[in-house]
Amino acid sequence: MSDVVEKTLTALPSLLSLDSQPGSAKLSTNSKLGSLIRGITELTSKHEEEKLIQRELSSIKEQVSSPNTTMRQMKELMVRTIYCEMLGYEATFSYIHAIKLAQQGNVLEKRVGYLAVSLFLNESHELLLLLVNTVLKDLQSTNLIEVCMALTVVSQMFPKDMIPAILPLVEEKLNHSKEIIRRKAVLALYKFYLIAPNQVQHIHNRFRKALCDKDPGVMSASLHIYLQLIQENPESYKDLTASFVTILKQVVAGKLPMDFNYHSVPAPWLQIQLLRILSLLGKSDQSTSEVMYEILDESLRRAEMNHNITYAILYECVKCIYTIHPKSELLEKAAKVIGNFVLSQRINLKYLGLKALTYVVHQDPRLALQHQMTIIECLDHPDVIIKRETLELLFRITNDQNVTVIVEKMLDFMSINKEDHTTADLVGKVAELAEKYAPDNEWFVETMNTVFSVGGDTLQPDIPNSFLKLLSEGFDDEEENKKLRLFAVNSYISLLQGEPSKLPQRFLQAICWVLGEYSHLREDVEPDLVLRLLVKLLNIKSTSSETKSWILMAMTKLCSGGAPLSVPLEVSETYSSSMDTMLRQRAQELQYLSQNPELQARVLPRGVSQEPMEVDSSLSFLDGFVSEALAAGAAPYKPPHQRQEELSRSKALSLEPYGLSLPISMSSCSIADRQSPTLLSVSSGLSGDRTDHSHKGGSTTLKLDGVRRVWGKEGYLAQRESAEETAPVEAPSPLQPLVQQGDGDASYSQTPTPIPECEQEKQQLASSLFVGLASQSSVCLMGKSEQTSQRFRRKLKDPAASFPSSTQNPLVSPPSSVGHLLLDSSISSDLISSPEQTHLSSVDLTVANGEVELPDRDMKGIKSTLLREDSALAAGSSPHEELDRPKDSCLTSHLPAELSGLPHSEITPLCTSPSLDLSSCHVQKDDSLVLLVFMKSSSDYDIQQIQVQVTCEELEVSCVCDSPVEELKSHGVVVCQYFLTVKSPSVYFVLSGMMSHQIPDNSLQETQFSHRIPLTSFLRPLRLSTEEYGTMWLAFSHDTKQNLPLMMDAEEPLTATLKVLKDKLQLHVVEIIGNEGIVACCLRQDQPCLLHCRVHAGMLAVWLRSPIPELPDCLLYHCQRALQES
Amino acid sequence: MQFMLLFSRQGKLRLQKWYVPLSDKEKKKITRELVQTVLARKPKMCSFLEWRDLKIVYKRYASLYFCCATEGQDNELITLEIIHRYVELLDKYFGSVCELDIIFNFEKAYFILDEFLLGGEAQETSKKNVLKAIEQADLLQERVNSVVPVHGPTSTSLSL
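Protein chains in written order, with our numbering: chain A, 1 to 1126; chain B, 10001 to 10160.
Treat the hints as calculated values from the structure; they're not laboratory data.
Take these hints with a grain of salt, some might be off.
[Unchecked claim] Reference listing, derived: stretches of chain A covered by chain B, where coverage requires no fewer than 3 residues with Cβ under 8 Å from a Cβ of chain B:
no. : segment
1   : 119–126
2   : 181–191
3   : 310–317
Being a predicted model, the structure only gives us computed values, none of them experimental.
All C-beta atoms in this analysis are idealised placements derived from N, C-alpha and C, irrespective of residue type, glycine included.
Chain A on its own, in the form it takes in the complex:
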């Protein structure tokens, strides 16, 4: 209906403007607000408005601060102030009065007061603290309206630190007899959960009660919390799946009161919320998904009315169906819905259809093929939003055959797009595609040139980095590398000969680096020419000083081959007196190295294969120097924030006991004297951490940010810097397709050419866009698209490092080449003509065909994802008890000898495949955690080439032996060891893994699994003296405070509580003094966390500090659990 109404509406204002104006005249006399508004509308210029409002504000200011103003007048004044603020004029003076009005007014005035507060302040505003008392009072009021108002403001904003003050009152409201109060209380708790999840941990079972509330409003409010909780940890809420399904069933069947209907659809908001929850629960979990198939089918069937709201539900259903474990009938129906959306005449639906296609295209590429003509039409849609979404879709279906066309479309769009955010995004995507699928050198370099020029300085810094990395590390084929580099050099020389002043700085930096490294490859060009080009660049005014240092570095590299020395000398002389220390440094280097060819050759060897260099980031080679300096009486190093702290302390009254700050110098001296590597690395690790903080004037610290590390243990590091900035994790990329592109040229060159028949043109475009699409045989779930794209990344030279290890098997061709041969097995061949199908071997063909035809069966059989909660924690008892208990005696006998004496966790099954059983346990070593994966063969034949990959974002996983297990005898057992260390702390670490092995018919079986390890397994006691503790305490900046329950029934509550923590979490109790205790622990030696515990008002006030930002919060969570359980 809205379309029709909208049409009439747009025509209405012109009709109505003929009316006389009695209404507005009457209004203007009504109130002061009225006259203000009317006054403003009469003005003609912005300047006049400004004057009027300023006058108004100063009169308001005068009145609000007058003691004679009544609360009633205050209310009126506040409304006017809100209006002024909305027009964009600041009225900070009134904030405090808004709080006063909420505090002192009667119900009506209070209402406006609260409204003003919620509009003026945000949750970090300090004045909000003044509201706490008012809220407390109103929450206890007998007037329901006051309680409502208090809850309303609390659900919008509340200072995080003050939550404990009102939490009991809000909790109490969950049992209120009025549903509106219960509902608002639930939403207030939701808000608390969002800003401080730790605070509401103990009331999770209250949420369950809210979910079962008889009032549908309260129940649907509780779903907001559940959506959040389930998003974070779906495993813990699987038991609720059936309840959610039942609720949805009832809603769909119309069991709710009619009030909740919206355009005769029952409670659509509720339905959508439930669908979102279900999709999270069913994601990669077959048994849970099965529970919901029926209701999803029912929802699809019921939503047939032609109204936006039913489309909203359908859209959510489709998303859910594609997220959960697939069921073919539902997928079919969902695909039909997507089709209807895409073909719809309504633009909003078309947009969502494209969006849905983007989601599902990995799972079902044929769906995109079905709608290819619509997609082509959308590419030329007048609405940029549609165009943009279409490009997003194309981005997802790019392969090495259609990359040129798609990138061209994207570049076209960028040239007309004005918005920075979109450009930055698209540029990143083009760069990614170019790296992955470039058909040849020229195209790659030219596309990257466009990326750099268009992206300008909004470019993500990792784009030039990875580009340079790609150039420097090269591929397997040296000849090809040389060609690529040479082409880049040629292209850049001609760019510099043109008008380099127009190029963005980042591009110039990349150019400089390439010319410095590789211009020698072009034998016909004298280094002198390149040098002169660089000097020209140096003299351009707009060149930034960062770029200048790149230029100087490039020159340093170029000056080796006995080039005439005049140019570099001149340049280095100019810049050796530069104000910029970086430039001065570079100039010095240039000067010395250009005069000393021998040294130059040693420092900057040319054409040497570049091994990753180890960088000693803790600067341990300076230890000797530091201790000498300290011995000679130098002041010990203090991190900047500590200095600031001391500075502020010297100004204010000192509230810290003297004992803590005094021993700093003593203890750090002693550390340095002993040259203890571990403790020193703590402090130097800190200085690294701190570099992002602003350095106040006169600081003597090393500035490490923005400064490239030039000297390392081994000497000069200049060559490595691009690789250094990005973590050197991935191995160099074998750019095979550059080599193998030969016969595919025909399809690349099918760019749309102007042919009179428009249709024909589109057809042709379609064939070049959708070529090779139906080949992606893997059925992957929506959320896993990242993994699939990984599959196609060429960056993985070492197959052992690649996650899906299908490349291991020489007989199964990698998916990208599978792509070529499937062209006509599933797509009508008139659309796509590809010449290379015939070249492929028959073995490939059968394997690939098998995969395509039976994707469902294969996947169901092979891929089973299991997630095991770590048993030590699930049982809720101490890791020690659990660890010492031998469980699976059969497998424990396979524990490696060197680990057998150490405590290990229970051996839990990870996953099973038809021929292999995987189980795992972890062993606590003093300095790390070792994950053991037991592979037990259950088949009668020998299994070959077993490969187990374990990854986790937050952990560093290193495998003891990287090579695959060659052979596993029938019914034998093999053990793999993985060393785990924490990269960034998290409450639980979820390791995901993939096991693959070869079965006798040479095909490859893959099984995924995941394994959860709590943070507690990584915790180790940190044994410190009280002095050392004091020093470290001051050095750490990330802190968290929280009250924990105290064991009141014990004789000495503090000692008893700390003992529990010590036993369960392996903390080290440093000292207990009176009602305070200090405790320390660490993950690795350089990841400590200190706890300061104090008994206060029957609670244990804990204050945690650590150099690692996330650590205090995560540790706190486990402390809380440990204490709750005991």
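Once you've looked at the hints, dock chain B against the given chain A.
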């Protein structure tokens, strides 16, 4: 939902509600840019925008634009219906609501919004319940000029 803005065809802000903490400067910048972007769009165009990293859902009712910013996973169509339900609520409360009603009684419009959406989430989707809550609070209101339905030059009712 991250925020909701109501503005006129002339780009004048009529109502703003922010559910995420932002500085005044950011709010002003976002408002200015967004109003410009939305006003530049033609009537037949898509109601959804990807703008910076937000998803914008907007709809025009007579001379007034209602504009919501949501996060990635949110359902665009249901957001559009949230706007519509809000307009329905305003309409029921003011009786055939028009832009002037909202200008002159903007605090009422805020109260209704707070009963409907709380902290950025739909709080109560039953029209009856929302209005009941508002009426209860209003009962205490003095009888003087509380809600004067106005119809003036630009008083095109927002339509349903």
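Do the hints match the structure? See the list:
1. Against chain B, the segment 119–126 of chain A contributes 4 residues with a C-beta closer than 8 Å to a partner C-beta. That satisfies the three-residue criterion, and the hint holds.
2. Counting residues of the segment 181–191 of chain A whose C-beta sits closer than 8 Å to any C-beta of chain B gives 5, which meets the bar of three, so the coverage hint holds.
3. With 4 residues carrying a beta carbon less than 8 Å from a beta carbon of chain B, the segment 310–317 of chain A meets the three-residue requirement, and the given coverage holds.
This entry satisfies every hint, going by the numbered hints stated previously.
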